[in-house]
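Q: Protein chains in written order, with the working numbering: chain A, 1 to 321; chain B, 1 to 260.
These aren't lab readings, by the way, just hints derived from the structure by calculation. Yeah, the Cβ is synthetic: ideal placement off N, Cα and C, and Gly gets one too. Any given hint could be a false lead.
[Claimed, not checked] Once the Cα atoms are required to be at most 20 Å apart in a straight line, the calculated DMTMM-like pairs of lysine to aspartate or glutamate come out as:
1) Lys249/A - Glu115/A
2) Lys203/A - Glu172/A
3) Lys264/A - Glu257/B
4) Lys265/A - Asp278/A
5) Lys35/A - Asp195/B
6) Lys265/A - Glu196/B
7) Lys242/A - Glu192/B
8) Lys265/A - Glu192/B
[What the hints assert, rightly or not] Stretch by stretch, here's where chain B covers chain A in the computed footprint (C-beta under 8 Å, at least three residues):
9) 190-198
10) 216-230
11) 234-240
12) 249-263
13) 277-285
What follows is each chain in one-letter form.
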Amino acid sequence: MFDEKDMILEAKHVTRRFPASGGRELTACQDINLKFYRGKTLGLIGESGCGKSTFMRFLVRLDVPTEGEILFKGKDLTKLKGEELRQTRQYIQMVFQDPSGSFNPKMKIRDIICEPLLNFGRIKPSEKDVVARKFLEAVELPGDFADRYPHNMSGGQRQRIAIARAIALEPELIIMDEATCALDVSVQKTIIELVCRLQKEKKIAIGFIAHDLGLIQAFAHQIAVMYLGTIVEILPGEDVDKAQHPYTKALLSAVFDMNMDFTKKIESIDSEIPSPLDVPSGCPFQTRCDHCMERCRQERPALTEIKPGHEVACHIFGREE
Amino acid sequence: MLEIKNVTISYQDRPTVKDFSMSLKEKEIASLVGESGSGKTTVIRAVLGLLAGGGRVTEGDILFEGTSLLKNTPDQWRRLRGTDISMIFQDSGAMLNPIRKIGDVFVEYIRTHENMSKGEAWKKGVEMLERMRLPSGDNIMRSYPFQLSGGMRQRVGIAMAMTFQPKLLLADEPTSALDVTTQAQIVRQMMELRDEYGTSIIIVTHNLGVAAYMSDWIIVMKDGRISDSGDRDAILNGNHNDYTRKLLEAVPSLGGERYV
Chain A
1 MFDEKDMILE
11 AKHVTRRFPA
21 SGGRELTACQ
31 DINLKFYRGK
41 TLGLIGESGC
51 GKSTFMRFLV
61 RLDVPTEGEI
71 LFKGKDLTKL
81 KGEELRQTRQ
91 YIQMVFQDPS
101 GSFNPKMKIR
111 DIICEPLLNF
121 GRIKPSEKDV
131 VARKFLEAVE
141 LPGDFADRYP
151 HNMSGGQRQR
161 IAIARAIALE
171 PELIIMDEAT
181 CALDVSVQKT
191 IIELVCRLQK
201 EKKIAIGFIA
211 HDLGLIQAFA
221 HQIAVMYLGT
231 IVEILPGEDV
241 DKAQHPYTKA
251 LLSAVFDMNM
261 DFTKKIESID
271 SEIPSPLDVP
281 SGCPFQTRCD
291 HCMERCRQER
301 PALTEIKPGH
311 EVACHIFGRE
321 E
Chain B
1 MLEIKNVTIS
11 YQDRPTVKDF
21 SMSLKEKEIA
31 SLVGESGSGK
41 TTVIRAVLGL
51 LAGGGRVTEG
61 DILFEGTSLL
71 KNTPDQWRRL
81 RGTDISMIFQ
91 DSGAMLNPIR
101 KIGDVFVEYI
111 RTHENMSKGE
121 AWKKGVEMLE
131 RMRLPSGDNI
141 MRSYPFQLSG
151 GMRQRVGIAM
161 AMTFQPKLLL
171 ADEPTSALDV
181 TTQAQIVRQM
191 MELRDEYGTS
201 IIIVTHNLGV
211 AAYMSDWIIV
221 MKDGRISDSG
231 DRDAILNGNH
241 NDYTRKLLEA
251 VPSLGGERYV
């Protein structure tokens with residue numbers, strides 16, 4: 001559905017296992033294939049503990065997968081080392097969930113925004129004032145904030161600083177890990193509008209982690225739904241209501257909406273998510289699925305395209321062999 | 001049943017909540033919504049006499065079933081809290097002692113309020129946990145808080161709060177730390193409490209969708225004052241208040257506005 005020429009990063013068969021106590025293994029990500037396109041947003045959604053942050057951390061090389069490769073401009077990120085890795089980091093930046101925890105509290109905003117630029121020798125120390133002001137204005141903050149410390153600002157303002165720092169190097173991909181979930185809805189809205197504007201201006205690709213489907217459908221071009229380490233559905237952002245996988249449908253029915261019918265009974269899956277230490281063999285969702293069949297218990301469903309740009313991993317849609 | 005009359009609450013002589021009034025009847029659910037720092041939590045903490053950091057009610061009165069709560073002695077508070085009025089916190093895990101097992105805390109809580117043997121209290125605890133649809137209550141009683149997931153801990157908190165079938169339940173952001181699926185479960189269980197026990201509920205939340213689904217009354221707060229209040233339909237459909245409209249428009253909604 002997107003132009004393959006615009007693809008800037010591709011994750012292929014990415015798997016990550018962590019050793020657990022008693023010689024067991026915890027599979028946090030299982031065979032994940034995703035593509036990021038220039039100027040497009042990929043929303044990754046799922047419950048806590050499903051491995052969405054683990055996956056995104058590979059893209060900024062905060063961690064390496066056990067298996068699989070991540071191709072960025074033809075280079076495998078997982079194998080880069082030393083200076084080449086350092087140089088690559090300027091193209092992929094990250095915005096973290098907690099804006100107060102992601103800054104050095106003793107640094108002024110000016111130094112925070114300019115640090116990456118100085119690291120890569122893009123500006124001289126004497127230019128710091130002008131540059132900091134420019135980026136503060138880009139994220140709609142007054143230029144005088146350059147003299148402040150992070151604790152002098154509200155959560156929404158701090159998140160804007162984090163975005164300013166991330167765009168300073170003009171990266172091609174920005175990863176946002178629940179970047180708005182600590183904020184009030186009214187602030188969240190302004191941050192999302194800012195991100196969308198910057199994306200249009202600079203053609204940045206964005207990987208956005210969230211657990212709010214209502215939020216993600218408001219600005220993602222592509223949505224990947226993750227459950228217990230596997231991608232169960234990939235669908236275009238505007239087609240959330242056409243979701244097919246039983247898990248995505250369950251997520252949708254759990255959203256409280258202003259326009260919903262308030263007399264409607266809440267239908268939510270009752271059980272807890274199984275521990276990632278003992279993921280059931282076969283379909284990972286089988287223990288909570290209403291449509292569970294014999295086949296689901298034995299065979300893990302693969303992602304199958306049911307429409308252009310819409311893939312589902314569920315035996316209901318799989319072709320019978 | 002509960003009446004808050006023109007209350008002003010101050011921390012160190014700085015008024016945080018100004019001229020706040022609301023009343024609640026039996027079996028009603030009211031929600032307090034607003035941005036962080038608007039004084040939502042301060043209001044419900046005042047109802048339970050639990051203002052942190054030297055906060056005081058400086059003006060007005062809070063009446064629960066006709067009697068003022070402000071003149072309660074510590075002994076009267078002890079009899080009221082946890083029985084007639086109870087509270088659910090944002091993270092019930094933080095309320096539980098991390099080095100004691102759930103059952104230990106639960107039994108102590110029940111025996112503080114009711115003359116009961118340890119065995120009977122244990123049974124009552126298990127029964128309450130199972131009513132909250134926690135599988136194998138006995139196992140949970142034997143667990144430490146860190147062994148449970150966030151959703152399970154929150155249900156333990158609700159089970160404890162509901163043990164003595166309180167007339168009034170105060171919930172401070174009970175679902176904001178949870179996943180959407182768990183949030184839906186907790187919301188459903190709180191609604192069932194109202195239907196089964198006739199409990200009145202005041203819920204503090206910043207999730208306007210949850211507030212709209214649950215409440216009979218919605219109170220919108222801004223900078224310590226009530227900026228708008230009314231029944232659900234009036235708040236959701238009325239266009240009389242700019243701030244309310246702005247808040248409502250900011251909620252991302254399925255099939256709603258798209259920015260791309």
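Q: For each hint, tell me whether it holds in the structure or not.
A: So, going through the hints one by one against the coordinates:
no. : hint                : result
1   : Lys249/A - Glu115/A : violated (44 Å)
2   : Lys203/A - Glu172/A : holds (8 Å)
3   : Lys264/A - Glu257/B : violated (23 Å)
4   : Lys265/A - Asp278/A : violated (32 Å)
5   : Lys35/A - Asp195/B  : violated (48 Å)
6   : Lys265/A - Glu196/B : holds (16 Å)
7   : Lys242/A - Glu192/B : violated (31 Å)
8   : Lys265/A - Glu192/B : holds (11 Å)
9   : 190-198             : holds (count 3)
10  : 216-230             : holds (count 5)
11  : 234-240             : holds (count 3)
12  : 249-263             : holds (count 12)
13  : 277-285             : violated (count 0)
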